[in-house]
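> What follows is each chain in one-letter form.
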Amino acid sequence: MNITVEEVEHVAKLAKLNLSKEELSTFPGQLDSILGYAAKLDELDTEGVVPTTHAFSNQNAFREDEKKESLPRNKALANGPNENGEAFVVPKIL
Amino acid sequence: MNPYELSIAQARKELDNGTLSSRELTTSCLDRIKAVDDTIKSFLLVTEEEALQQADAADKAIAAGETAPLCGIPLAIKDLLCTKGVTTTCGSKILENFVPPYDATVIKKLKNEGAVLLGKASMDEFAMGSTSENCAFAIPDNPWKEDYVAGGSSGGSASSVAAMECLGSLGSDTGGSIRQPASLCGVVGIKPTYGRVSRYGLVAFASSLDQIGPLNRDVTDAAMMMNAISGYDPRDSTSVKQDVPDFTASLTKGMEGMKVGIPAEYFTDGLDADVAKVVENGIRIFKDAGAEIVDITLPHTEYCVAVYYLIAPAEASSNLARYDGVAYGYRAEDPESLEDMYRRTRSEAFGDEVKRRILIGTYALSSGYYDAYYKKASQVRTLILQDFQKAYESCDVIVSPVTPTPAWKKGTHAGDPLALYLSDILTISANLAGIPGISVPGGFSSDGLPIGIQLQGAHFREDVLFKAAYNLELGTGLANKCPEL
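Same order as they appear, the protein sequences are chains U and P.
Under the numbering used here, think of the first position of the first sequence as 1, with each following residue one higher.
Under the numbering used here, think of the first position of the second sequence as 1, with each following residue one higher.
Worth flagging that the hints you see were computed from the coordinates, not collected in a lab.
All figures in this text were calculated on a predicted structure; none of them were measured in a lab.
Glycine included, each C-beta is placed from N, C-alpha and C at the ideal position.
Hints are all accurate, no fakes.
Sample of chain U residues at the chain P side, in silico, Cβ under 8 Å:
1) A12
2) L14
3) A15
4) K16
5) F27
6) L35
7) K40
8) L41
9) V49
10) T52
11) T53
12) F56
13) R63
14) A78
15) P81
16) N82
Excised from the complex, chain U in its bound form (with noise of 0.2 Å):
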């Protein structure tokens, strides 16, 4: 394989990441040995094998719909690096 610069700016923008000049000179590599060595796979052939996301497989955890308690807003608020005492103050969208 070989990763190109172009193709790890594209991943860096879906994952929301500014790479540095030095990163752009250096992850493309490190990325195409990683994955390179992650090909080692197709040696197997898993047609037909399911996937295990988990492994102990739990069946859907479900829970009473029932009113608790919950964290007061000056408390969910009070970790904001900037916050208004109602809300999280972020740049304006629209």
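With chain U's structure known, arrange chain P on it following the hints.
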């Protein structure tokens, strides 16, 4: 003997006899931290005041006859477990100032027993790493050898126990992050069955693989801590409703009737000669204890690193999408737009390894590649799980090395992430299969570095692991063995 040198079980007796108070024990640990942590760097935060308050409360409870197995015992907590009112950074600049408004379930359980929490232990950023060198704040040293890695990602949890700064700690294990640092630092570390211990309040890395477990100076202490933290929790939908036995009841001498499996695939050419020797000695101990040794095969072992380094980054890229600078954590200054805020926040505050894994995961999940990478890896994961299911038809416990080599010098793998990933080959399978695994000190390399032995068991058979681990410990005589500092 200084109080900090006691095992949990020894301290328990003294606390209950009244020959030692929790305040004395806690003060002894805090003094030890002051004496050694400038060099060992196990802790990102020491909560002295809170610890002494908890110690006093424990002393009162003990005096009133309301004791519990961990009451008054000073412990360290990996800094990815939410502690109410106490900063929880996950080793990352992005959570540098994050103060959780609630306790993780395991923390709540420790507090309910009256345990004393000394502070937060160093770790690789978001638990991504095998040396703790990816921590944004302080990189722990191996207490056995200066300038050597403590392992990771639960490096501080392991070094704090080995350096006798605490009597035990909690870590987390996604691909070996408890067992590997335990092995490199010469302590006991167990990754329980997936679902055995609630993950509620654990900062998520790869949710289908993460599991919390204790690190201790002997097997008995590990069993005591597992008793305290195990059990179903409605707040974690993946925790499993399964009875929790008293794990200390498994600590009995003799392994008659037990079958110990040796997987050929774990003993390859890349294995360090000292490591091989230590594990061979462990196998002899099992034989002497009456166990039957059987050869088993785990044919898909060679694929586990490839599977892991697709699945774990894929889950991480999704889990770490939440760090957007909106509701908590770091936010870039003066953002021009929402998009600019997201991108600069994440770029400025995530470290290299985290970015690398987010990129790998995003790539593996992206349009056109999903089937080739994520789906393929999930299918091979099934084959790895089936290998273990088949193996446990002919044995009770699987013995192997934990890591191919003892600890190495800091900076060894800089710039070559794949080389470091490959050192995880012996621990990753347990996470992919969801089975429990434990690292028990087995011996030392020719230059004095500790070497652990790994035992892996069937789902929810930690009791079997503890029995084997206890017998191994009796044979090596390495319980509570710590370096001179």
